[in-house]
Amino acid sequence: MIDNADAVRLLDSKRNGAVFVATMNANNVGFGLPSLTTNESLDFPISGAMSKASNVALGLALAQPDRKVLCLDGDGSLLMNLGALVTISNKKPKNLVHVLFNNKVYAVTGGQPIPGSEDVDWEGMARSAGYAKVFHFDNLEDMTNGIDEALTCEGPVFVHLMVEPQIENTPVQFRERAKRTVHTAIKELPGVLGVK
Amino acid sequence: MTTQEVILHPASVVAELKKNKISHVVWLPDSETNFMYQLLTNEPDLDLVPVCREGETMAIAAGLWVGGKRPIVLIQNTGIFEAGDSIRGLGLDVNQPLVMLVGYRGWSRHGLTTDSAARFIEHILHAWGISYYLIETDDDAGRISLAIEEAERTAKPVAVLVGTEFGS
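The listed protein sequences derive, respectively, from chains F and P.
For the first sequence, position 138 (counting from the first letter as 1) is numbered 138 according to the numbering used here, and the numbering increases by one without interruption.
For the second sequence, position 91 (counting from the first letter as 1) is numbered 1091 according to the numbering used here, and the numbering increases by one without interruption.
Isolated chain F, as found in the complex (with noise of 0.2 Å):
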């Protein structure tokens, strides 16, 4: 099992200009995105509408076809809104990475198992929706060794990481907020992409 900070810090150290969209436990305020990344004006983080970081993400990668995007999914999420894989797939992005955190809970909500948590063959739904390449790494050994060939390739890219659950039992309203919202990247980013 990776550490999910590990398994963020990692990624952020090969970002090389990528946007993140980034959901649940990678944009988690203690542990995630906010309070790992080298390049917060890059980040976009999705917190409304769960699920849909991923399909934000598909757009983007549309619109910005010559700079890479990683979504930062949650299995969870994922789970909620499967049609997505398709989706993303049949457009065929090049420049997408869908990466996986898998913790095989809803860790936000107190921990209870994601339905199908022990059977679920993730790489096997990406690679069958479609995906050109699909990459799993449950341990920080290989994902540090693997990592770059899944960032290099051509996408659409799917990442499944197997990660350690970090449970929170605070309500949502008493838990730390995020400095960057989805209100501030989406005010912010467009100037960062150099859209007019």
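Just to be clear, a hint being listed does not mean it is correct.
Stated by the list, open to error - Computed Cβ-Cβ distance ranges for the label pairs, DEER-style:
id, chain 1, residue 1, chain 2, residue 2, range
1, P, ILE1007, F, PRO190, 34 to 42 Å
2, P, ASN1042, F, SER128, 25 to 33 Å
3, P, PHE1081, F, PRO65, 29 to 37 Å
4, F, PRO115, P, HIS1126, 34 to 42 Å
5, P, ASP1139, F, LYS14, 49 to 57 Å
Because the hints were derived from the structure by calculation, they are not lab data.
For every residue, glycine included, the Cβ atom is placed at its ideal position computed from N, Cα and C.
Following the hints, position chain P against chain F.
This is chain P only, laid out in the frame that chain F set:
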């Protein structure tokens, strides 16, 4: 007395989209828009983005919009019901100037409206504070431009209810 043209042709809608420099049509087709599909697939200036479920459309549109494109959504009224959280979270809450062309399934000016998809849709739009226009004929197609102008001026989603089946 002359016979009035009361059909909405897909070409009228596409002309409005092109006039407003729409770049992408994010959509899930329904039987009422088949002729539209045939036309759109042959239109090089509009990129079609088909989805598996309607809630995806607003999110894809959000990404396109942030990336500098001018998307529009085309779905059926039944899809609006399904897509509620996306409309809330990635439409209304983030001030996305998104026009949603919505097939008005069940709509009729004659007799009883028995289809709940038609009976509920305007109430739902009112509840969300989403402004909307109704188009039924080619003469109404200009309302799409009005909707686009309103969406951009108010920075909010605006709906265009397509109250008739497209003619061939």
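Status of the hints after comparison with the structure:
Roughly 39 Å separates the CB atoms of P:ILE1007 and F:PRO190, a value that falls within the hinted 34 to 42 Å. Evaluation of the 25 to 33 Å hint for P:ASN1042 and F:SER128 yields a pass: the beta carbon distance comes to about 30 Å. Range check, P:PHE1081 to F:PRO65: about 33 Å between beta-carbon atoms, so the 29 to 37 Å window is met. The supplied range of 34 to 42 Å is met by F:PRO115 and P:HIS1126, whose beta-carbon atoms lie about 35 Å from each other.
Judged by the Cβ atoms, the range 49 to 57 Å given for P:ASP1139 and F:LYS14 holds: they are separated by roughly 56 Å.
The structure fails none of the hints (numbered hints given earlier).
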